[in-house]
Amino acid sequence: MFDFIFDAMFAWQQIGLLFMGLVFMGVGGGIIAYEIYGRKASIKVKGRVA
4 MFDFIFDAMF AWQQIGLLFM GLVFMGVGGG IIAYEIYGRK ASIKVKGRVA
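Residue numbers (our numbering): 4 to 53.
Since the hints were derived computationally from the structure, they do not count as laboratory data. Check before you lean on any hint, since a few could be wrong.
Restraint-style ranges between C-beta atoms, simulated for each label pair [claimed, not checked]:
#1 K43 with I8: 32 to 42 Å
#2 D6 with M28: 24 to 34 Å
#3 V52 with V26: 33 to 43 Å
#4 Q16 with Y40: 32 to 42 Å
#5 F7 with G32: 31 to 41 Å
#6 I39 with F7: 43 to 53 Å
#7 M12 with I46: 52 to 62 Å
Computed from a predicted model, the values in this text were never measured in an experiment. A virtual CB, placed ideally from N, CA and C, is assigned to each residue, including glycine.
Given these sequences and hints, build the entire structure.
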């Protein structure tokens, strides 16, 4: 009986870790996409660093 309870808890923990991994991958992908968009849509100017 206890073995079943611990196995069920371990399964829910694995599902939670998988879900949070997907959430963090989505957030990181959004940040990267925003940075790429910002570089592509920015105004380009010529200049010299003195």
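Verification of the hints:
1. K43 with I8: 32 to 42 Å: violated, 53 Å
2. D6 with M28: 24 to 34 Å: The hinted range 24 to 34 Å holds for D6 and M28, with Cβ atoms some 33 Å apart.
3. V52 with V26: 33 to 43 Å: holds, 40 Å
4. Q16 with Y40: 32 to 42 Å: holds, 36 Å
5. F7 with G32: 31 to 41 Å: holds, 38 Å
6. I39 with F7: 43 to 53 Å: holds, 48 Å
7. M12 with I46: 52 to 62 Å: holds, 55 Å
Of the hints listed earlier, the one the structure fails to meet is number 1.
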